[in-house]
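S.K.: Listed here are the chains, written in short residue letters.
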Amino acid sequence: GNSVTQMEGPVTLSEEAFLTINCTYTATGYPSLFWYVQYPGEGLQLLLKATKADDKGSNKGFEATYRKETTSFHLEKGSVQVSDSAVYFCALSVYTGNQFYFGTGTSLTVIP
Amino acid sequence: DVKVTQSSRYLVKRTGEKVFLECVQDMDHENMFWYRQDPGLGLRLIYFSYDVKMKEKGDIPEGYSVSREKKERFSLILESASTNQTSMYLCASSFILGQTGANVLTFGAGSRLTVL
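Chains G and Y, in that order, are what the protein sequence lines are. Residue numbers for the first sequence follow my numbering, so the first one is 235 and each next one is one higher. Residue numbers for the second sequence follow my numbering, so the first one is 33 and each next one is one higher.
If you are wondering where the hints come from, they were derived from the structure by calculation, not from laboratory data. The C-beta atom is built at its ideal place from N, Cα and C for all residues, glycine as well. Heads up, a few of these hints could be off.
What the hints assert, rightly or not - The calculated DSSO-like cross-link candidates involving lysine-lysine, where the alpha carbons are at most 30 Å apart (straight line), are:
no., chain 1, residue 1, chain 2, residue 2
1, Y, 35, Y, 85
2, Y, 102, Y, 35
3, Y, 103, Y, 85
4, G, 294, Y, 87
5, G, 294, G, 311
6, Y, 103, Y, 50
7, Y, 87, Y, 103
8, G, 311, Y, 35
9, Y, 85, G, 286
10, Y, 35, Y, 87
11, Y, 89, G, 286
12, G, 290, Y, 35
13, G, 286, G, 302
14, Y, 45, Y, 102
15, Y, 35, Y, 89
Claimed, not checked - What follows is a set of in silico ranges between Cβ atoms, one per label pair, in the way DEER data are often shown:
no., chain 1, residue 1, chain 2, residue 2, range
16, Y, 48, G, 264, 24 to 34 Å
17, Y, 88, G, 305, 45 to 55 Å
18, G, 247, Y, 50, 37 to 47 Å
19, Y, 48, G, 254, 27 to 37 Å
20, Y, 95, G, 345, 33 to 43 Å
21, G, 276, Y, 97, 41 to 51 Å
22, Y, 82, G, 260, 22 to 32 Å
23, G, 239, Y, 45, 18 to 28 Å
24, G, 288, Y, 144, 34 to 44 Å
25, Y, 73, G, 254, 33 to 43 Å
Sequences and hints are given; from them, build the entire structure.
M.R.: If you want it as structure tokens, here you go:
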């Protein structure tokens, strides 16, 4: 079946620290992979995506590489800011499907 | 930018009331979804619709129904609200990304429902 497992939170970092949030997946077929971000009181926003193996998605200083061999899509940022405090969701969709599979979310708090 | 608009950000209802949550998207997307978000449980799919008047049950459809009379509008209905339906409800629509065939979800801001 299809599923996403992501790192449990909460994560607390100091400003300018390096961030990694781990995400692994299982999928039938050829999934597309996504990171969504949810700021307090808001819906989810697409942060970045990758649609095939070895693709790197990037946005706002965040990056994630689609690794088929390790079935992973880890989110990284070199220097986090207070404004990055949010909940981050890893997700996948399967080609031709209308189904999306989400991880349970990782809460990030960045302190000054 | 695609916009998915949920008409009510915060609602407070009483047990047994009928509740309508409205969602409108402005980008002619075929697919629309209703999710429920609860702490520790992540997002759970209630219903989705792939065309006008078409609907499919998701993972937790019990206690809910949906309506899609127009392409841009997808409504979630709680026929008789109960306290265990207190939650954040997220509407989304999706489109196919270019030649990749990848489906990309765009979410509304959410509707936080409290049932007393």
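S.K.: All the hints need checking, so say for each whether the structure fits it.
M.R.: Consistency of the hints with the structure:
| no. | hint | result |
| --- | --- | --- |
| 1 | 35(Y) x 85(Y) | 21 Å, holds |
| 2 | 102(Y) x 35(Y) | 16 Å, holds |
| 3 | 103(Y) x 85(Y) | 9 Å, holds |
| 4 | 294(G) x 87(Y) | 36 Å, violated |
| 5 | 294(G) x 311(G) | 9 Å, holds |
| 6 | 103(Y) x 50(Y) | 23 Å, holds |
| 7 | 87(Y) x 103(Y) | 12 Å, holds |
| 8 | 311(G) x 35(Y) | 27 Å, holds |
| 9 | 85(Y) x 286(G) | 33 Å, violated |
| 10 | 35(Y) x 87(Y) | 21 Å, holds |
| 11 | 89(Y) x 286(G) | 29 Å, holds |
| 12 | 290(G) x 35(Y) | 26 Å, holds |
| 13 | 286(G) x 302(G) | 9 Å, holds |
| 14 | 45(Y) x 102(Y) | 26 Å, holds |
| 15 | 35(Y) x 89(Y) | 24 Å, holds |
| 16 | 48(Y) x 264(G): 24 to 34 Å | 46 Å, violated |
| 17 | 88(Y) x 305(G): 45 to 55 Å | 27 Å, violated |
| 18 | 247(G) x 50(Y): 37 to 47 Å | 45 Å, holds |
| 19 | 48(Y) x 254(G): 27 to 37 Å | 47 Å, violated |
| 20 | 95(Y) x 345(G): 33 to 43 Å | 40 Å, holds |
| 21 | 276(G) x 97(Y): 41 to 51 Å | 26 Å, violated |
| 22 | 82(Y) x 260(G): 22 to 32 Å | 24 Å, holds |
| 23 | 239(G) x 45(Y): 18 to 28 Å | 35 Å, violated |
| 24 | 288(G) x 144(Y): 34 to 44 Å | 40 Å, holds |
| 25 | 73(Y) x 254(G): 33 to 43 Å | 24 Å, violated |
Hint check: violations occur at hints 4, 9, 16, 17, 19, 21, 23, 25; the rest are consistent with the structure.
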